[in-house]
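Count the sequence shown with the working numbering and you get residues 1 to 552, in order.
Worth double-checking, as some hints may not be accurate.
Claimed, not checked - Mimicking DSSO-like on lysine-lysine, the simulated pairs with C-alpha atoms at most 30 Å apart in a straight line are:
#1 K522 x K281
#2 K520 x K281
#3 K288 x K159
#4 K238 x K525
#5 K525 x K159
#6 K288 x K525
#7 K539 x K238
#8 K522 x K238
#9 K288 x K544
#10 K544 x K238
#11 K525 x K539
#12 K159 x K238
#13 K25 x K159
#14 K544 x K525
#15 K25 x K544
#16 K281 x K25
#17 K522 x K159
#18 K288 x K520
#19 K525 x K281
#20 K25 x K238
#21 K522 x K288
These aren't lab readings, by the way, just hints derived from the structure by calculation.
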Amino acid sequence: MSRQNSIRLSVTDDVNRIEAPVTWKAYLMCAFASFGGIFFGYDSGYINGVLGSELFVHKVEGPTADALSSSHQSLVVSILSAGTFFGALIAGDMADMIGRKWTVIFGCLIYMIGVIIQMITGAGNALAAIVTGRLVAGIGVGFESAIVILYMSEICPRKVRGALVAGYQFCITIGIMLASIVVYATEDRTDTGAYRIPIAIQFAWALILAGGLMTLPDSPRYFVKRGRLEQATIALSKLRGQPRDSEYVQVELSEIVANEEYERAIIPEAGWFSSWANCFKGSLWQSKSNLRRTILGTSLQMMQQWTGVNFIFYYSTPFLQSTGAIDNTFLISLIFTLVNVCSTPLSFWTVERFGRRTILFWGALGMLICQFLVAIIGVTVGFNHTHPDPASPDLSLADNISAVNAQIAFIAIFIFFFASTWGPGAWIVIGEIFPLPIRSRGVALSTASNWLWNTIIAVITPYMVGEQHGNLKSSVFFVWGGLCTCAFVYTYFLVPETKGLTLEQVDKMFEETTPRTSAKWKPSKTFAHSVARDGVLEKDFIDKVERRGSAY
1 MSRQNSIRLS VTDDVNRIEA PVTWKAYLMC AFASFGGIFF GYDSGYINGV LGSELFVHKV
61 EGPTADALSS SHQSLVVSIL SAGTFFGALI AGDMADMIGR KWTVIFGCLI YMIGVIIQMI
121 TGAGNALAAI VTGRLVAGIG VGFESAIVIL YMSEICPRKV RGALVAGYQF CITIGIMLAS
181 IVVYATEDRT DTGAYRIPIA IQFAWALILA GGLMTLPDSP RYFVKRGRLE QATIALSKLR
241 GQPRDSEYVQ VELSEIVANE EYERAIIPEA GWFSSWANCF KGSLWQSKSN LRRTILGTSL
301 QMMQQWTGVN FIFYYSTPFL QSTGAIDNTF LISLIFTLVN VCSTPLSFWT VERFGRRTIL
361 FWGALGMLIC QFLVAIIGVT VGFNHTHPDP ASPDLSLADN ISAVNAQIAF IAIFIFFFAS
421 TWGPGAWIVI GEIFPLPIRS RGVALSTASN WLWNTIIAVI TPYMVGEQHG NLKSSVFFVW
481 GGLCTCAFVY TYFLVPETKG LTLEQVDKMF EETTPRTSAK WKPSKTFAHS VARDGVLEKD
541 FIDKVERRGS AY
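Using the sequences and the accompanying hints, generate a full structural model.
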């Protein structure tokens with residue numbers, strides 16, 4: 001592309017023509033990044049089975065132990081989330097410095113180092129190895145979970161952005177399912193392969209993601225932020241499957257460039273500290289302020305964890321074992337995982353047909369009903385009512401097997417609602433609501449919030465349901481049901497609709513409407529048309545953008 005072409009970009013005042021048509025090859029390029037969800041999901045899922053492995057328990061607690069202590073169980077599960085919390089925040093900086101793509105690749109390398117450390121588990125050092133390895137791997141997962149969402153949101157076409165980003169959540173569920181299958185296949189092994197094989201397989205997911213990303217372009221919006229407009233043009237042409245000098249590519253790039261200049265005038269960047277401080281500027285009472293957007297992103301991820309879904313996937317095996325009602329608790333855990341996998345693709349359609357706000361609202365309602373039903377049945381006739389097993393007095397059996405089965409059914413229905421709404425919905429929205437100058441840090445903060453609450457829940461759950469501590473049994477579902485009620489109310493008042501809008505139009509929507517009326521908002525003009533002359537962005541304007549490109 002010549003210098004002359006690179007500094008004269010065509011514009012349009014037609015809000016429906018500001019994005020280039022996309023080929024199937026380009027769709028597949030955009031969708032590949034969602035593969036990162038597999039090792040996120042696998043890492044979350046395999047630990048459930050490892051904690052129930054008799055060999056692993058003996059390595060950690062000694063040959064006479066039949067289960068991990070509550071403190072060790074809490075530490076092993078939560079340490080990954082602690083690593084991801086810090087990894088997500090670090091990645092927010094790196095994504096603006098070295099690019100979205102290379103930040104994810106670097107995270108994959110960190111993750112593989114963590115997997116190698118976890119493999120060094122032997123008698124006497126098993127706890128130290130698994131904890132250290134999961135902490136390091138967690139940092140890598142933090143990189144991936146924050147920046148893959150950012151990368152996908154910035155490269156995907158607006159009309160299918162929600163569906164493609166929902167593919168990330170689908171890959172998370174695939175990862176959880178693969179973990180359950182591997183754990184189920186290795187649980188009867190009598191050697192250390194019972195827990196080492198599930199750990200070792202993690203290495204493959206990071207290798208595939210890093211290798212695949214090597215062949216993909218970085219985000220055009222990252223290049224615009226850095227003032228590298230020629231590289232942005234090349235990346236956009238690859239992602240849309242159009243020639244570099246295509247009017248479609250020029251028009252879309254013009255809109256990104258014009259919006260970047262508009263936002264930079266509102267959110268000036270003066271250095272590293274100010275780039276983080278900008279995330280918290282503005283009034284709490286204005287929906288368009290950066291502060292409100294940051295609160296929205298972090299609270300959505302907090303509430304995704306508040307649903308209690310990770311209680312099901314982290315602790316379902318030991319929890320169901322304690323009732324004695326289920327002969328094969330690993331199989332029930334696998335069924336929950338299959339429901340999760342099969343329900344998530346529904347969101348590919350609903351998120352674009354009904355919108356983000358709608359599915360989050362009705363999803364929260366469905367989840368809270370299921371949680372309260374599980375709690376009520378359990379407290380009255382289900383999980384909470386057991387008697388000693390005549391064949392083995394140390395074990396307990398449920399008094400009413402049918403009631404326990406009903407609880408399991410409602411847990412499965414809860415998973416359906418989560419997987420088709422809040423699972424993908426929260427990730428989609430956080431990638432869309434932040435303006436470009438603070439987007440990487442806003443998404444990083446939101447993802448860190450997810451992992452912070454993931455850590456908190458992982459730490460406190462063993463104490464909530466452990467026999468020597470809270471021993472809440474089914475009453476724990478009253479807690480999750482109450483928190484789902486909070487998510488239901490929050491969605492109605494504070495979550496906006498972003499369906500069908502470009503990321504630049506989402507910025508304008510925040511300025512001109514409120515969350516409850518956002519679904520009716522339609523864009524009326526383009527950013528580029530308001531600053532163009534004679535249908536193009538002038539050389540002086542382009543030069544200013546290139547000079548002001550920032551590493552922050």
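Which numbered hints are broken by the structure, listed smallest first?
-> 15 and 16
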